[in-house]
Each structure stands twice: as structure tokens, then as C-alpha cells.
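K.L.:
Sequence:
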Amino acid sequence: MRPRQDIVGETAAPRGPAWRDAWTPRGADRSHRFPRQQARRIARDVALQVGLVLLLIECIFVSEKLISGLLEEVLKIQAPLSKTLVMMAALLPEVFELALPTAVLIAVYRVALAMREDREFLMLSSLGIPPHGLIRLVLGLGLGAQLATVFIGGFIDPLSRYAFRLVMFTAQYDALAGNTVSANRLFETRVGTVVVTPRAGGEGRPRLFVRQEDGPGRERVVVANGASLTGPSETGRVSLHLYDFSVDEFASAGAEAPRTGRPPTAPVSSLRGSSTQQTLVINDVVPFDPRSRNVAELTTGELLFSAGTNDGHRLELGKRIGRSLLCLLAPLIAILALSFTTRFNQAFVLPLACAGLMATEIVGTVALGGLAAPGGPLGGSVLAMLAFLAVMAALLAYAMTRFAAMRSSAIARPGLNRS
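Per this note's numbering, the very first residue in the sequence shown carries number 1001; after that it's consecutive.
Just so you know, these hints were derived from the structure itself, not from any lab. If you're wondering where the values come from, they're calculated on a predicted model, not measured in any experiment. Hints should not be assumed to be uniformly reliable.
[Said to hold, decoys possible] Computed list of lysine-lysine pairs in DSSO-like fashion (alpha-carbon distance at most 30 angstroms, straight line):
(1) K1076 / K1319
(2) K1065 / K1076
(3) K1083 / K1065
Please construct the entire structure, taking both the sequences and the accompanying hints into account.
P.N.:
Here it is, written out as C-alpha cells:
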């Protein structure tokens, strides 16, 4: 009887241990693709893993923000639960540009590792599909992740940052107008430094302390035993009511006490009263800058229009595009990390791969900052900067793809249960 032979393209697939040395870059026949059903399953598993890892990263990030000051701020102004939830939701896109590439790396690594240990790569190799053929599939997933990063990081995140600041602004103003401030509050406003001190138990009008610059060589201090805000009106103005107040003007140290370097203890002029009212612009009470003043709150479309004339906008645009390209490199790093995974180093390979991804982002950001700075090789040209990013990403992707092809046997060989 004629011995059975497994045909792969035009050459017979080796049997037994010989498969370890058979896979070379030349063995990757482009006509052999992953079966559709297999590809759909891999894409589904990777998408599920990406979603779970993203959820974990976002929860950790929001928790850190709450612990580092947001929760304390919310409690001080007694913001309602609805506004607190909106602010927490507005924080989610802030870390998305770095969280998604990391999630893609972890997901591709875990799914590919499971396939390797279940010997699926060995089964696919018998069909003429080399292990590094997975790269074509995961690059497609990385491209989809890149598009998501461009959209969320370039449009959703800037608007979410502005929404967070807007909701915080309204919560702070409502606390001042509704006398719900529960702790000492300090505001640096256009009218000066303002300190609001609540009364015991939160009852009554809070006390107010204001320090202002009153022309050259003079300072004004306003102290009120009670204060309240009303408004804003249709014109955006508010009324500040002061009760049992005093207004003292002092000469600055430079004008009156050059020798001692201290301001005089006695005021130059004083005013006392039981009640007064002053009309202010709401922005003078609680400062709120327009969105155009913060580059992080500008969308990618807005940056494209202004990047040619604004160095800061051009650099921010380059950073966003560069972070989106990490989604294409992340699955390749995952495949390479898989090729080095054995039962002796399995606890370290994935964290090192994630660290390598973050190092790529840091090194790329620093290099871009130097090259795109005024006077640098890419300074003043948006197209040159974008072309540089595209070329560098393509070169890195090509180098990692070739390296993964050379390590096909290491990718396919199960390494956790046996050496």
C-alpha cells in the first residue's frame, strides 16, 4: 500500500519532531489563510478580552482619580449624585488612547497562548497555515483598534474633558449659591483670592475673605460675616451680597516698609457696613476658561486646521496620531512575546511586553517633541511630521513581522507543559 502523505502546497509537510525546523519565512504561502470560522472565533475572543481588560483599566483609573482628590472635592461642595456620575463617566476616555493598545496586546497574547497550548497551531500547520499567519489577522484587529483610538481619543476625549470641567464648574457655583459648601474653599478668581468658610453645621450664610490687588502699591482685604450669591441673570451676571462686612486697604511692603519687608499693620483706609451688594460677571466668581484655551480639549479636526501655525497644536496632533499607531504595534509585540514564553518565564513575559509598549510610547513622544519643535527637522510642517510617524510605524511593523516569521517554530511549539 502506498504510504500516506500530507500535501502542503507543492511540498510534503514533515512529520514528528521535524516540524520544528520546517517553518521559515519562505514557508508562508500567501494563498493559505486562516479558515473563516477560525478567524471569526479568534476575533470574537480577542474582542471579548479587549473589552474585559479595558473595563479593568478604566475602573482602576477612575478609582485613582476618586482617591487622589475628586471624591474629596465632591464631598466638599456636596455635589449631587447625578453630577458626580457624569464627572466619573467623563473621565473614562482620558486614558483610552493608552488603555486600548495595552488591552489589544494582552488580549492577543492570551488568545494566541491558548491556541498554542491547545496545539491549534500544529493542526493549522498541517493545513499549510504557518503559525505566523496569525499576524495578518491580528493586524486587521489592530487597524480597527487604531480607528477607534483616533475617533475616541481625537473627538470623544477632548469633549469629555470639557464636559468634566463644565459639570465641576456648575457644581462649584451651585454650592456657593446654595450655601452647601461644607469645608473651607479657596478660589483664585479674577477679583482676587477668595476663601469661603462655612458655618458650623452648614447653616446660614458662609463667611467670606477676599484679598485683592488695588492698584500699584495697595492691597484690599474684604471680610464678611455672611455672604450669598443670586443669579445668574440672562446677561450672565450674578449679585454678591455681603453682610456685616469690612473693607480695609493696606499699603504693600514695597511702598511703605522697604526696610522691614513687611506690610504695615494698620490699614490706610477702612470701611464698615451691615449690608452691601455688588454685581459681578459669573466668571469673576468661579473662573471658567473657554475650551479653546486648553489644547487637550481641542478635537483632532480643530488641531489639523491650526497645527500649521501653532507649535503646541502641531505637537499635540503628532502625539495623538502616534498613540493611535501603537494599536498596530501592540499585536505584533504580543506575537513576539508569545514566541519567548516558556514555563520558566511565563510570569514575566507579558508584563515586560506591556512595559515595552509603554516605553515605545515614551521614547516616541520624546523624539517627536524634539523633531517637531520649532527649528527641528520637522518643525513647521504638518505633512512632514505625519509622514515621519507613518514611515516609522511601517518600519517597526515590518521588522517585527519578519522577526515573528523567523520564530514561527517557537510560536507554534507548546511551552508551558513541556520544554
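K.L.:
Hint by hint, say whether it matches the structure.
P.N.:
Structure-based check of each hint:
1. K1076 / K1319: With a Cα-Cα distance of about 36 angstroms, the restraint between K1076 and K1319 is violated, given a limit of 30 angstroms.
2. K1065 / K1076: 16 angstroms, holds
3. K1083 / K1065: Judged against 30 angstroms, a Cα distance of about 16 angstroms means the pair holds.
Hint compliance for this structure: hint 1 is the single one not met.
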